[in-house]
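Engineer: Protein chains in written order, with this note's numbering: chain X, 1 to 334; chain P, 1001 to 1283.
These are calculated hints, taken from the structure and not from any lab test.
Since the structure is predicted, the reported quantities are computational estimates derived from the model, not experimental observations.
Derived coverage of chain P by chain X (criterion: at least 3 residues anywhere in the stretch with Cβ under 8 Å from a Cβ of chain X; other residues may be distant):
| no. | region |
| --- | --- |
| 1 | 1080-1087 |
| 2 | 1093-1103 |
| 3 | 1258-1266 |
Heads up, the beta-carbon is just placed ideally off N, CA and C, and yes, glycines get one too.
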Amino acid sequence: MAVSPDVENRVEDASRVRSREIATRVLLAVSALLVLAVPFLNASPFFITLLTEALIFGIWAMSLDLLVGYTGLVSFGHAASFGFATYAAGIFAMNVSADFFLSTFVAILAAAAVAFFTGLVVTRLSGIAFAILTLCICQVLFQISVVWRSFTGGLDGLIGVPLPTLFGREVEPGEEFYLLTAVTLIVCYLLLRRVVESPFGKTLLAIRANEDRAAAIGIDVRRHKLVILILSWMTGGVAGTLFVFLKAGANPMTLYWIESGNILAITILGGIGTLFGPIIGAIGFIFIRDEVTTLYRAWQFSFGLAFVLAVLFMPSGIAGVAEKIWRRLWPARS
Amino acid sequence: MFVNSLNGIIYGSFLTLTSLGLSLVFGLGRVVNFAHGVLYALGGYFFIIFLPSLGWVAMVFAPLVVVPLAIAMEWLTIAPIRNRDEIYTLLVTFGLSFMITGAIEYLWGTETTLIKPPVIFQGTVDILGNQFPVYRLFASALSLVVTGLVFVFIQFTPVGLKIRAITDDSEMAEALGINTRWLLTSIFGGAAGFAAFAGALGAPIFSVEPEMGMGIIIDSFLAVILGGLGHLPGTAVGAFIVALAKSIGGGYISEWAIAVLFLVVAAIMVLRPRGVFGRGRIA
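Let the sequences and hints guide you as you build the complete structure.
Structural biologist: Set out below in structure tokens:
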């Protein structure tokens, strides 16, 4: 079995499970409200900007969770989905229209197209080969973004992407843009939740558990992998669009392979196969990085160490541990 | 153009040294070692640290320090997860490469250090009208000699035979009484030693900086996949293909060449998963 979170398979009492599910939903709704309430809680502009970036990384990490957590495909090239979208949205916003919906739509479409062609090839593989192949494809995009200067701005990247507009009105940086990001995150979460809980999502879990057996019972493994890859890239594309508007520019380094490793580490540390775990991972990553880099220079060392320890001893991540505690609080075994 | 390809050949001989280790470790334990690049970087750093006190003996001493470090690393992080899915070794070694790069930056700063080659090799030599540093030729020749020694070791010694047996079929090899566990640990250490040696030897050419390992690891991966995973002669050829593609044309054209190279490697992984020579293992 590929990378997967702990699964408790004990028989549980149905009505108690139901009450726990309701409690989980209440908890999620409260955290969603809390996220939306941040700008009204007298937070500093710096905090707001940092949290905006964290939520964008959260959407990106969530999109990777679809592959790693739900399908067992460890992508080492997920920077491609994000970075490619920053260029697509950025170039569109600079030359055609900075309308948020239109830019997002274009970026999603572009990401989906690249994911489709990538998917035709990478879905043949799994495991290590999938990881290395996705890394290679991401590096191709990285090289192109560096070399195709007239289109991408080379190593300088795109500079001077305008502020996004929403219904013809400019979205102000800071609190307004934060709210836009937060709403996007919540919408993405709810949509992806539906996907992973659908029969399609359950089929993905079967592929994760054992690809050969899944194929043997008649599941079209390659088509499922292709669809989830496209969906994952589209979600990553949403994150990329928000990012290019936040930074008012795009940079080829967002396509570098180490960035793919970063987001993979964030997703796994947060807890794969949960969707909300990667969001927690992203928030933790952005805020701790900010704290630690200003205090002392050992950020990269600490992050690497945390990741190694997590892979060795806590492969289900922060969310996995949180879920265990949550299950303790709401025991459902009779 | 000529100088470019000569530089390509020189980089290729270094890349061969680092790729060989990567290929060996994959062949033996199916471990994809992302941390191989930072071991190369550590070699460079230990070399410039020992250089003032030890002189050029440091070039041999630096790998000797890296080997036990690598063995400890393997023993602490890779050995415990050998029974889990292969992908975990890739994740753990990626984390390790982050840790070590971070440690290097923390301990020795982010500056780039370029040291002078030893006095006897400081001159230049005239090749077809181009002035070329002697040290580059010497270092390249030396790394090729070391590569040759590795080949001889693998091909003609009893331990080499065991290594080839495990690469071929690890379960069968184990059934015949070969201690895979122990051999993997020692080869991991040995591979680290060669990478560290390449880092030390290359210090006067490519300079020493914290990210140096992150750059060479990707090139090494390309070389290993081109040649066929676990297939050593193929790996050597792959290393030279990668190095030449990166240097020919220089600057702008080579950036396009690298993009094409990644595409070629991606195509090989799908169409010829055993590498160009069809002799490697399937990932």
